[in-house]
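Visitor: The chain contents come next:
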Amino acid sequence: MLEPKEREILKILERDAKATPDKIATMVGIPEAEVVSKIKEFKDKGIIIQYKTLIDWEKAGEEVVYAFIDVKVTPERDVGFDAVAKRIYNFREVHSLYLLSGTYDLSVVVEGKSMKEVAYFVAEKLATLDHVQGTVSHFVLKKYKVDGEILEPAQEDKRLAVTP
Amino acid sequence: MKDVVISDKVMNIPPSGIRKFFDLILSMEGVISLGVGEPDFATPWHIRDVGIYSLEQGYTSYTSNAGLIELRESIGERLSKDYGLTYSAQDEILITVGVSEGLDLALRAIINPGDEVIIPEPCYVSYKPCTILVGGVPIPIATDKTKFKVCSEQIKKAITDKTKAIVISYPSNPTGITMNQEELLEIAEVIKKHNLIVISDEIYSLLTYEGKHTSFASLPGMRDRTILLDGFSKGYAMTGWRIGYAAANKEIIAAMTKIHQYTMLCASIMSQKAAIEALQNGRIYAQEMINEYNQRRRVIVKGLNEIGLKCDMPGGAFYAFPSIKATGLSSEKFAERLLFEEKVAVVPGNVFGNCGEGYIRCSYATSLEKIEEALERIRNFVR
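So the protein lines, in turn, are chains A and B. Each residue of the first sequence is one higher than the one before, starting from 4 at the first, in my numbering. Each residue of the second sequence is one higher than the one before, starting from 90 at the first, in my numbering.
Honestly, I wouldn't trust all of these hints.
[Stated by the list, open to error] Short, incomplete list of chain A residues facing chain B, as computed with Cβ under 8 angstroms: (1) 32; (2) 163; (3) 164; (4) 165; (5) 166; (6) 167.
To be clear, the hints were calculated from the coordinates, so they are not data collected in a lab. Backbone N, C-alpha and C define an ideal beta-carbon position, used for all residues, glycine too.
Produce the complete structure using the sequences and hints provided.
Guide: Structure representation (structure tokens):
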């Protein structure tokens, strides 16, 4: 179990990977050295996986297409879904992969430069894998919220500039 | 028509000192405001959703004067759970249009012309004018020498045979100062001894960062002499909904309800519906906002002290109240020059009472990025 201060450090970093130990120390109210050692500990334990940047590629004018692919698979003896998953997530085109409850087993998020490229990957690479029984592709038309961040421009401050 | 249209009473009340400042800022661009006395968060979505849904359902009518019973019951539960207080939802809780109305009703209900009301300063801008408007006489106590906490000695000195009530407001706007149970117990003694009524403005109760908020009404013997005022504006980021409540003994609530029914009739039904949602499901979302204020609080106080504007760590609300005495400027001059030279808006401390002179109020109900930028600009200004 995390201590409240530990959770707070992680929450701050989850929203802002650039938050410096000095700033985090002030925000949480503990010494900077303690923040540094906590962060190292989180990294070592694999609790902090990676520091990344959320980028709106569309805004940058890049062609990027995402599709959510529902995949039905036959689990393998002894290793269950994990072995199939491994065969899938190692493809560079696979952005994310989840094991789900419900009608389908795996949800694969595939990234490509065009619908054609993604469709090609699904047809040629994904659907032909052993144990894959069938796939259904859903192309992303618009992103509204990604990893907790709303992509619309922030609303302007509607408050009066000075109030009692 | 008579020459003088406006009543003497109103003529004699000075306009809020904040107003003058506000007009200045409107004419400028690129200003970072630390002058806002309300949350920078919009009301959590689940609460807004209930407000919208209530309109769709056709909840567009009056409610009973006292307010929806379901809301009063939820408030009763909250006061019982948080403070161990028992109030009857039936006749000891009144839904008001924000604490502002609650304050006005409380004063009107208990003050006869000439009655004195003790008001520790610096304090929220309405206490004095509202007291005057009901014919009372405000008796300010300066708390700048006692770390902005009112103490029993000061109250004793202010008491005369005309003293009827005292306004207590912690966590404080503008200082952010909180008082713990022990400190409050000490003043409760004096209040009991001199048979005063307490108007306790606890609108910032949820925004308490160190320990738990102590409601004045929860102190031994204080429940029946305290008019507890609280609401949803600050804790649940619902300022624009104008919704609050008063809890007190039957007799006082009946008197306040009498005035309320003739002047306000009731609080808006949509806001009452939303407030029920806030109480029943909103605490965790409120806590998220509170955690963020708490982080900003540490950043702004550290920053101000590093700049050389001495500031004690406030335990509640979302204000830092640093001293600007080291600059040799008056509060108003400081605020005015900071606005023109560095485009940062703060509120001069004297707006909240004479003893606030030499201080400024900096609200940290604004994003961390803006706070950091504002601190940088203040640093440039003070240099």
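Visitor: Now, for every hint given, state plainly whether the structure supports it.
Guide: Evaluated hints:
1. 32: With a minimum Cβ separation of about 5 angstroms from chain B (threshold 8 angstroms), the hint on residue 32 of chain A holds.
2. 163: Check passed: Cβ of residue 163 of chain A comes within 7 angstroms of chain B, closer than 8 angstroms.
3. 164: holds, 4 angstroms
4. 165: Since the shortest Cβ distance to chain B is 4 angstroms, the answer is holds.
5. 166: holds, 4 angstroms
6. 167: Since the shortest Cβ distance to chain B is 5 angstroms, the answer is holds.
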